[in-house]
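**Student:** Okay, here's what each chain looks like letter by letter:
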Amino acid sequence: MKTDIKSTLENYIFVLPAVVIFSVFYIIPFIAVFMLGFYEWDGILALKDAMFIGLANFKEIFFQDPSWWQAMWNATYITLIALTLQNIVAFLLAWACDREIRCKNFYRVVFFIPPVLSEMVVGMAWRFIINDVDGANLVNRMLISIGLPQLVHSWLSDPKTALTTVAVVHCWKGFGWGFLIFLAGLQTIPRELYEAARVDGANAWHSFKNITIPMMLPVIVLVAILTVLGTMQAFVLIIGLVGGELAGHTSVPVLRILASMRGSSRFGYACAQGISFGMVLVIISFIQYRFSKHTRQA
Amino acid sequence: MFVNRILCILLLIFNMFGCAPREETGKVTLTLWHWMTDREQAFSELAKRYEEKTGVKVNFELFAPSDAYTQKVRAAAQGTNLPDIFGILGEKRDFGSFIKAGHILDLTPYMEEGEGTWKNKFFAKALAVNEFSPENSYGVKPGIYGAPIDIMTIQMLYNKNLLKQLGLDPRKPPLTFQELLDIGKKVKEAKIQGLVSGWGELWMIDCLANNYAFNIMGKDKVLATIRGEVAYTDPDWIKVLTLFKQMQDSGILATGVVTMVNKTAEQLFANDKAVFAFNGSWCVNVYRGMNPNLDYAVMLPPQASDEHLMSIWGGAGSSFMVNARSKNKEEAVKFLEWLTDRDQQAYLAEATQNLPANKDCLGKISEVLAHFASGMDIATHPSVWGVSEFPVVIETWNKGIQAIIIKDKSPEQVAAETQKVKERELAKRKK
Numbered sequence: 006m007k008t009d010i011k012s013t014l015e016n017y018i019f020v021l022p023a024v025v026i027f028s029v030f031y032i033i034p035f036i037a038v039f040m041l042g043f044y045e046w047d048g049i050l051a052l053k054d055a056m057f058i059g060l061a062n063f064k065e066i067f068f069q070d071p072s073w074w075q076a077m078w079n080a081t082y083i084t085l086i087a088l089t090l091q092n093i094v095a096f097l098l099a100w101a102c103d104r105e106i107r108c109k110n111f112y113r114v115v116f117f118i119p120p121v122l123s124e125m126v127v128g129m130a131w132r133f134i135i136n137d138v139d140g141a142n143l144v145n146r147m148l149i150s151i152g153l154p155q156l157v158h159s160w161l162s163d164p165k166t167a168l169t170t171v172a173v174v175h176c177w178k179g180f181g182w183g184f185l186i187f188l189a190g191l192q193t194i195p196r197e198l199y200e201a202a203r204v205d206g207a208n209a210w211h212s213f214k215n216i217t218i219p220m221m222l223p224v225i226v227l228v229a230i231l232t233v234l235g236t237m238q239a240f241v242l243i244i245g246l247v248g249g250e251l252a253g254h255t256s257v258p259v260l261r262i263l264a265s266m267r268g269s270s271r272f273g274y275a276c277a278q279g280i281s282f283g284m285v286l287v288i289i290s291f292i293q294y295r296f297s298k299h300t301r302q303a
Numbered sequence: 009m010f011v012n013r014i015l016c017i018l019l020l021i022f023n024m025f026g027c028a029p030r031e032e033t034g035k036v037t038l039t040l041w042h043w044m045t046d047r048e049q050a051f052s053e054l055a056k057r058y059e060e061k062t063g064v065k066v067n068f069e070l071f072a073p074s075d076a077y078t079q080k081v082r083a084a085a086q087g088t089n090l091p092d093i094f095g096i097l098g099e100k101r102d103f104g105s106f107i108k109a110g111h112i113l114d115l116t117p118y119m120e121e122g123e124g125t126w127k128n129k130f131f132a133k134a135l136a137v138n139e140f141s142p143e144n145s146y147g148v149k150p151g152i153y154g155a156p157i158d159i160m161t162i163q164m165l166y167n168k169n170l171l172k173q174l175g176l177d178p179r180k181p182p183l184t185f186q187e188l189l190d191i192g193k194k195v196k197e198a199k200i201q202g203l204v205s206g207w208g209e210l211w212m213i214d215c216l217a218n219n220y221a222f223n224i225m226g227k228d229k230v231l232a233t234i235r236g237e238v239a240y241t242d243p244d245w246i247k248v249l250t251l252f253k254q255m256q257d258s259g260i261l262a263t264g265v266v267t268m269v270n271k272t273a274e275q276l277f278a279n280d281k282a283v284f285a286f287n288g289s290w291c292v293n294v295y296r297g298m299n300p301n302l303d304y305a306v307m308l309p310p311q312a313s314d315e316h317l318m319s320i321w322g323g324a325g326s327s328f329m330v331n332a333r334s335k336n337k338e339e340a341v342k343f344l345e346w347l348t349d350r351d352q353q354a355y356l357a358e359a360t361q362n363l364p365a366n367k368d369c370l371g372k373i374s375e376v377l378a379h380f381a382s383g384m385d386i387a388t389h390p391s392v393w394g395v396s397e398f399p400v401v402i403e404t405w406n407k408g409i410q411a412i413i414i415k416d417k418s419p420e421q422v423a424a425e426t427q428k429v430k431e432r433e434l435a436k437r438k439k
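As you go down the protein sequences, you meet chains H and S in turn. Note that the first sequence ends on residue 303 in this note's numbering; no numbers are left out. Note that the second sequence ends on residue 439 in this note's numbering; no numbers are left out.
What the hints contain is simulated information worked out from the structure, not anything from laboratory work. Keep in mind the model is a prediction, meaning the values are calculated, not measured. All C-beta atoms in this analysis are idealised placements derived from N, C-alpha and C, irrespective of residue type, glycine included. Please note that the accuracy of each hint is not assured.
What the hints assert, rightly or not - Short, incomplete list of chain S residues facing chain H, as computed with Cβ under 10 Å:
(1) T45
(2) D75
(3) R101
(4) I412
Stated by the list, open to error - BS3-like, lysine-lysine: derived pairs with alpha carbons at most 27 Å apart:
(5) K56/S to K342/S
(6) K165/H to K193/S
(7) K165/H to K415/S
(8) K439/S to K229/S
(9) K165/H to K271/S
Please build the complete structure, drawing on both the sequences and the hints.
**Tutor:** What follows is the structure in structure tokens.
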């Protein structure tokens, strides 16, 4: 009995540093942010002088702040493009690299370069490529040189194309992660399954549809969750590309939270926005998880 | 086992005392936080001179960019571990909050000592930015809470060579708004960029819009609007917004100006790619670094109306405050007095090409800087108005102007949207 208590205590002592670090750097700040969401506070006055306003911040977010909902829609739009375009490209490239092709290691390295670059660097580089004034404007020049001058456009400063341009650059920046995870997933599929299918007369499309896709479903769901979480929170790339929110056309939730904190000195409101946004992400992830579980069972 | 225990104890002792601060030797060391990358070298030189003179060491600690600096100062304020001297970036409301939280020392007694010797060194408008009047709306005890180290004005600049290239006289820049619009057509035909500015950062849009608001309706009406007595849907405000539409339609605005950060605008102007720039006096140093042969001059934003005088933003460029909780506050005040003295100000002006806050040093500045300085007579700044607009209203207004430039909204729509946000904020304040 005595030995049991001693052993339990020892175990607790071993995990204590991790618990303390987790509490200090995660749990306490989370609780603080949650509480601040109910206060009007400018981030300068002492916390004891902050004014308790109940649910007023949340009420404002949900019913009186159209710029927040525009930012949410913009983030959703970029996410939808990332979920489709980015992940399809990543999957197809991973599938190609999983086969016996020449220089496949070279391609693996090349495809993984964009994700390891800083978002700001990517934003500035693409700004140089597609912007209208300060850069070489390579895209427009290319369009002219291939005989499509009618497509020349102010890609980043036209409200009709700015968000889509941001989304496309985001996909270019992000597809490498999906590529890497998809490739790892594809390599875990037993080759015997393909060989058996081939013996049974299955062509490439049948193998892809009946072996690759079902076997890859958990990986696809994982990549989808990571894409949603990563894309909804993207903002540095937008600063690098557009310099800001372009009259709201490229605003995203994190930029709105920053605007509340820095521009308006409304830390309480920014915390409430952060909580609301976090809850949305949790709900989306939960739905995706349930969906994947349901699909796997089916 | 015994050896292990001894080793553990020794390690513990080593850790405890190894991290302890070194014994003070009685020598005062002042710590100063700032964000001014371009002045780092000059500050180091001044710190060296001050230490030689007084034995007091001053550590200038740079935290850039300015956004990161702002967050650092706010975090330090929460932890009450601000340095002896620091600067504040932000609106007057934020400045007031720092004072109310007890972070900033009231410099009034020091400024007024000896019949105001220190106070009288400064341009009145530079000091006004750091001053809270008895009737201020921030609930701050009246007084002077900061020492300006330089001043600035934000005006328009024109490239003499490009103006000549357009067939215009470089000695006669546009004086009226219509003249500016007329140049827009020529700019379009010549396929060069017209006016560049960091309008992707929003606050510079606000600055030019305010200039024209003062010009069209006068200071009283602008302040009445901020107090909520005049609506943003008033025809005069719509006139202000329409100016931006006219600028866009005329072709005077550079392509992509709404996504342009000021650094890009500075590069374009410095490299002879844009005819006009809207920028602050700090640009002189920036342009010198980018293109020492740039041939340019300063002008006021062309008048849109004869009803009222054109006004520009200006006043204290950067200021330093003394931490009210610092144990070295007396030494900190003495250092600021020395830093704002004529010789040090002249050195800073020469080394960094910024306008000195000390009015005795203006004789030693370049021609372009002197033009910027001459604008101080008509300079104003939201910090000296005594009332502040709600930040969300300013944001809606500035984004609205961006929307007008990209032809997304009409001036009337922007005015109505701004007024709606204003009414919402006023209603909240009443509650």
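**Student:** Determine for every hint whether it applies to the structure shown.
**Tutor:** These are the hints, each one checked on the structure:
no.	hint	verdict
1	T45	violated, 17 Å
2	D75	holds, 7 Å
3	R101	holds, 7 Å
4	I412	holds, 9 Å
5	K56/S to K342/S	holds, 16 Å
6	K165/H to K193/S	holds, 26 Å
7	K165/H to K415/S	holds, 11 Å
8	K439/S to K229/S	holds, 26 Å
9	K165/H to K271/S	holds, 26 Å
Consistency note: the structure conflicts with earlier hint 1 alone.
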